[in-house]
Amino acid sequence: MSTVKLSVVVCVYNEAENIKPQIERIAQALEAYEYEMVFVDDGSKDNTLKELYSVEHPRLRVVELKKNYGQSLALMAGIDYAQGEYIATMDGDLQNDPSDLPRMLKIAEEEGFDMVAGNRANRKDGMVLRKIPSRIANYIIRSLTDVHLKDYGCALKVLKADLAKDLGLYGELHRFVPVLAHLEGARITQVDVKHHARQFGTSKYGLSRTFKVISDLLLMLFFKKYMQKPMHLFGNAGIFLFIGGMLINFYLLVVKLMGYDIWGRPILILGMMMLFGGIQFITIGIVVEIQMRTYFESQRKKPYKVRRVQGFEGL
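The end of the sequence shown is residue 315 by the UniProt record's numbering, with every number in the run present.
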């Protein structure tokens, strides 16, 4: 069993001026706990690494990535190297407040939540560059994933270590940690946390982030609804197209038998495209279904997760 209660994972990219104040605030907030700080440098081009290595703190661990991989993979690296029973995540720009962590950890422990997410109730960043894209993204995610949180973009979270290490943060999926946790069957709650204006450095977010969220959301919807039953997605679409194409072609056959010329009609092209498209979708569904079964069976994975088994276990 790990003797570390809480690992604080902080991903940084060009945040040199924020390093020492961040470490001091975390240490002050968690002085009553067995904790560690895991700072992941995601290929910074300024003096971030120099600042990290200049700090002599017994609870500081620095994970230096070879290049800039993006926030998701940097977060995955930090989680992989974390040793705590619980893992906290936060940004390295001093906008999250470490003083919220003890309260979030207490809620996770005493109330049995697998993840406690922060909600920036009183945000202190720019209206155009941050708030509007964030509100758009929150609304889209909340509407389509059925995971009802007020603020998905707040990096301040406390998770059980086994949950955090099983999230699979590939690509740009750090935005969807609550959705990924929900897919793992996690019990999630959200609490209001403090938020501060950025003092040093420049923001890495903007309006373009909203479009990335939308593209990643399509992947999340597939994971949530069709990951273990892909035939329900591709098969239903294929059957719809196939039946539509058959009806159109049957209509054209009747028209042809009545003596009318059907060659060159746009509806003929549409009917054939729907017919062959339907066949392709059904075929893709069958292939992906076989792949999913192979994935689970070859690795002896179970398509379900058990939270607890209690009672008589035999003699």
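Watch out, some of these pointers could steer you wrong.
[Stated by the list, open to error] As a list, the in silico DSS-like pairs of lysine-lysine whose alpha-carbon atoms are at most 27 Å apart:
hint	residue 1	residue 2
1	K20	K194
2	K194	K5
3	K5	K20
4	K106	K225
5	K50	K67
6	K225	K150
7	K106	K150
[Said to hold, decoys possible] Label-pair ranges, simulated between beta-carbon atoms:
hint	residue 1	residue 2	range
8	R135	Y81	45 to 51 Å
9	D46	I279	54 to 60 Å
10	D146	N68	51 to 57 Å
11	Y170	N236	46 to 52 Å
None of these hints come from the bench; they were simulated from the model.
As the structure is a prediction and not an experimental result, all values here were calculated from the model.
In this text, a Cβ means the ideal position worked out from N, Cα and C, and glycines have one as well.
- [ ] Could you see if the CB distance from Y170 to N236 stays within 46 to 52 Å?
- [x] violated, 27 Å
- [ ] Would you mind confirming whether the straight-line C-alpha gap from K5 to K20 stays at or under 27 Å?
- [x] Holds, at about 23 Å.
Task: Range agreement (Cβ of Y81 with Cβ of R135, hint 45 to 51 Å) - done: violated, 34 Å
TODO: For the pair we were handed, K20 and K194, check the Cα-Cα distance against 27 Å.
DONE: holds, 20 Å
TODO: For the pair supplied as a hint, K106 and K225, confirm whether the alpha-carbon distance does not exceed 27 Å.
DONE: Roughly 33 Å between the alpha carbons, so the hint for K106 and K225 is violated.
Open item on the list: For K194 and K5, compute the direct alpha-carbon distance and say whether it is at most 27 Å.
Closed with: holds, 23 Å
TODO: Verify the proposed pairing of K225 with K150, using a straight-line Cα cut of 27 Å.
DONE: OK: K225 and K150 at ~22 Å, within 27 Å.
TODO: Note whether the CB distance of D146 and N68 lies within 51 to 57 Å or breaks it.
DONE: Given a distance of about 34 Å, which is not inside 51 to 57 Å, the answer is violated.
Open item on the list: Run the distance test for K50 versus K67: straight-line Cα separation, threshold 27 Å.
Closed with: holds, 16 Å
- [ ] With a cut-off of 27 Å on the C-alpha distance, tell me whether K106 and K150 pass.
- [x] holds, 21 Å
Task: Status of the given 54 to 60 Å range, CB of I279 versus CB of D46 - done: Since D46 and I279 have Cβ atoms about 55 Å apart, the given range 54 to 60 Å holds.
Taken one by one, the earlier hints fail for this structure at numbers 4, 8, 10 and 11, listed in ascending order.
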